[in-house]
Amino acid sequence: MSEVPRSATEPGAFSEWLRRSTWVDHVLLAIRISVAALVLVGLAGGLTAGTYSAADFVSFTMFGLTIGSIYALIALGYTMVYGILRMINFAHGDVMMIGSFAGLFAAGALNDAGLVNALPLLALPLVLAAGMAGGAAMSLIIERIAYRPFLHVRSLAPLICAIGMSFVLQYAARGLFGTRNRAYPGFGWMEGTVSLFGLIVPIPQIVAFIAALIVLAGLLALVKLSPLGKAMRAVAEDRDAAALVGINVGAVIVATFAIGGAMAGVAGVLYALVFKQITVFMGFALGVKGFAAAILGGIGNLGGALLGGLVLGLAEALGPALVLEGFGLPAPYQLKDVIGYGMLVMILIFRPQGLLGERLASKRA
Amino acid sequence: MSFNAVTSSFKVTRRRRAPLAETLQVGALAGFAAIGFALIGAYVAMDKRHVVEDTLTLSQIAFALMAIAAGYVAGRDRQGRPSGTRVVVHGAVAGLMAGLCVSALLLLMGSISLRATLVAASPMLIKALSLGAPIGSLQALVQLPALGALLGVIGGLFAAMPSRYRRALTYGFAAVLIAGLFRDVFVSVLENLPDLNGPDWEVFGPGGLNRGAALVLLVAGGLFCLLRDRWNARIDPARRARSSKAGLVLLLVGVLVLPLVTNDFVAQVAMLVALYMLMGMGLNIELGLAGLVDLGFVAFFAVGAYTVALMCSSGPLAVADVSFWVALPVAVVLAAGAGMLFGLPVLRVRGDYLAMATLGLGEIIRVLVLSDALAPYLGGSQGIIEIDHPRIFGISLQSPAALYYLALALAGVVAFISWRLQHARIGRAWLAMREDEDVAQALGIDPVASKLLAYTIGAAFAGAAGAVFAALVGSVYPHSFQLLVSINVLAILVIGGLGSLPGVLVGAIVLIGLPELLREFGEFRYLFYGIALVAMMHVRAEGLWPATTQTKENARA
Amino acid sequence: MPDVLPPNRLPDGLLLDRPLPIPSRAPLLDVRGLKKAFGGMIAIQNVDLSIAEGSVHAIIGPNGAGKTTAFNCITAFVPPTAGRIFLGGERIDGLPAHVVARHGVARTYQNVRLFPNMTALENVLVGQHRRLHATFWEAILGSGRFRREEAEARARAMEYLAFVGIPQRAGDLARHMPYGDQRRLEIARALVAGPRILMLDEPAAGMNPAEGRALVELIERIRADLGVTVVLIEHHMRVVMAVAERITVFNRGAILTEGTPGEIQADERVIEAYLGRRSGQVAAAASPEPQRQMEAGIA
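Residue numbers (my numbering), protein chains in the order written: chain F, 1 to 365; chain Z, 1 to 557; chain X, 1 to 299.
Note that these hints are calculated values from the structure, not bench results. One should not assume that every hint holds.
[What the hints assert, rightly or not] Computed beta-carbon distance windows for the label pairs:
no.	chain 1	residue 1	chain 2	residue 2	range
1	F	G45	Z	K48	49 to 59 angstroms
2	F	E16	X	R154	38 to 48 angstroms
3	Z	F265	F	R351	51 to 61 angstroms
Where a beta carbon is used, it is the ideal one built from N, C-alpha and C, also for glycine.
Next comes chain F alone, as it looks inside the complex (with noise of 0.2 angstroms):
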């Protein structure tokens, strides 16, 4: 064929950029730049206020460590619904949140029968149980009326179906529950710190971070190893095509929803203990925080959930303290869920397909 114009004037990467973009681009670009001086700006202030010693942004480390193993297991839930079926389970947060009534129950039932105090390793796995067991449950449910309807419609209608399930969850727990906060039953034992590697820490804190640990070592077990683990990655692959070849891709999704239920059930009891009082109404901004921990990683990643849990809980337990207040603002720990809330939209900002993720950026081709 004939010569490529391109020798004589190889234009540069920013050239190449200003080629390329679009005004929304240079919007964007803007919003990033004042975002980012907006961050940089506290955090200066922050460390230079030296409102905080060391030792209290250890015990933040460790406290945000603790809460992004509970996002991460959350966000579980949203990642693995997401690669098999490409959308969002608007429900889930509330799925966790009967999880942790279930634990709740669970744990009612044990210390009446004296379990919890006379053998409380064994009573901390039987609530988990419980809870892992609800929250599978309920997400079950919600995959029969809000999902499998609608597997082969292209519509908002398992969204919607999904909102108005949240709501359903939460006002038909507050008829029968009530609206008072709780607290389980019993697990006095864990009142108290121990002093690890000379620092001190909370019990439920070592409690939960290790629960969640070894529950996502289990999961990544299953999904890596087994063989369902191995039909749920081609299922996310191709759904058609795993079909073709034989694999029941209804039951994969069934199971699915079933681990992600599980997980946040887990993440639901886990909260019960490190925050010591749980109500019908907590699943809502759990939810929202755990998709940003999703979505943070790599939604469809599982390690992405994982690492955008723990990051969400850093950013969340550091941030009051080292980027609000350097602006000076009174209370800054009011503002915790802002920073939340505000991570979700920064990763929309600056990196919506995820620190993990790459396949799937703006949309799939």
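Starting from the known structure of chain F, fit chains Z and X onto it as the hints suggest.
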């Protein structure tokens, strides 16, 4: 995938079990529904509302409807027309089963206390479910299954009767129910009318309909339906269309004169309905036309409300003290600006991220407004008070009726704008984007720009609604701006019909007006919203609403 | 191939609002070293294409040869992995799809993609998006310019529906239309934007011989009356041979050969590509479909 794939291939034919097992299952389902209804506290709450004075309460009707529905389904679900005995037997079995479930609950509550776990399992519930029989007596336990069986038979017979009479009965019953439920509205209307009631004959008692009036209404409703059917069968379709147009005009006239003929409470409710209509029109552009699921709508509502609050308040936080008519455009522009700024990063990613991201936005605004950090400017949880009422021609719009007309007029303006846009270049671009985003883009439509425009306009309308809200309430507090407002608006659109302007009106009346008038519903409002959203999607969403948000694997082809 | 185009048969009215380009042999669309990989799978590579202005150019090749992928790269449906694309001398690769469309590229789809719940008229109105200029405010206020423009747009839409031969379908919902009419509507929707180049992806798929002849005639009119350069992917050899001036043959993600219809028909490698390495009875039995098509075209 072509659009033919929109119709689901997933209509599973129901597996046929033994008829009796199926009937028992239907009955058990109704029973569980009844138990759920009781345990979420709805039974006790709605037991206070008498539909027919001293005879029937709302929760009794709800229970009866569940048993009748069970009997109806059990009686109907056979091939061909059901035979008489079969209808009776299966209806009775289904109703009996439902009644047994409730009896079991009653027995359980009587023997152990569930209150530690389930707050609604109270002595009041036991008393209410005993229907006046001595608590814990055999009669209390037996009468429920017996009643259930009876109602089940009625349901079965209902299924078996000719549809003409079935419809007539439904009409009559609906007339009684509506009259009983909205007693307060009708009483207030009757009070404003010249005294037509005879001295010793009152339609309404202190709680609900009087028995005689209920009977008259039942018969009248049924007769009306039968006569109308006969009338409709005779006349030609053109005249029928004209009469339905007349119905629409009648509805509009009703909407216009409503606050004049009733009391201030009803006018207040009407004002709220108009306000939500205004918001519904705004979200309709985003969701109904452009297919954007926006749950952060309330954030722009808050921007509008706080703008007016700061500009029109005579309190200490005011930054200006100008007329509402100056503040309104400022509020709209600020809300639109906020929408544009926030929309840009969110709108270039996947459609269903939007629901979550906007949810986060709504909460960010609420937390910010509530925080101590901004309290010196926005009042924190104390809010901003003493907002001046709007004045027009020197008259202060203060009464609920005046503010109702203000909101209604704005809603009309917004409706007009959305109607115009819908039939212009940009409206067609929105619809095309909703149908197939890739193809629309290949035709030269900038997807981010057109979505951003829809989002900005929606935000501007939300800001206008917020401005009106601040003016009519006279004060703003952070707790007025919860996510639930967004959900209200979303539900109005989904229930009323996406993209349809009359749908917004109907949705706002059904979802905002009715629960306000039915105080007993208040607590369970969002539960019913949730159920309604799910039910709507199952009953009529498929195909009616193909959207842009799905994956685009087929583009590779 | 005749070097002189047939005389313009310009219909009355608004159909054409810019002068016909002087038929030149300068390339309108120039593709250099195009490559697209999906993950590890290379769909196309080393694709060089040069489409002369005012010509009808066909792309043929067995299924999976990468024809549609090349289309998708050119119209920015998918971002190319490497390579450059020029339209009338301007680079268009890497631009978003709507900007590429505004440069004058229009297309149809292998599996017809209309806006199913809009009428035929509305579909064509959407196609005019970048020709309409009334602002948002003018639309709300219903200004004179807005109303005039809307009336013009409707008239133009009707003319284009008539041009492709389905004026009677204007009020029908796209999804209720017969398949052949849907294909015609898709072409009308693409043409109404006033493109410089029209890319048709298997326009004759599922058509009978009579419909195929009508399509050939339509493509001729698109080139001659509207002055739009046409690139088409097509399996029906009768259509290809009747309408194309040049033919590019794709095979296994690369260009096998390019030439006039006569040259292609004579090329041994093309037949081999369609029938497999060992041409003859065995391969023919294994894939009867391409053989039938080739025979239909070449015989």
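Hint-by-hint comparison with the structure:
no. : hint                                : in the structure
1   : F:G45 x Z:K48: 49 to 59 angstroms   : holds (57 angstroms)
2   : F:E16 x X:R154: 38 to 48 angstroms  : holds (42 angstroms)
3   : Z:F265 x F:R351: 51 to 61 angstroms : holds (53 angstroms)
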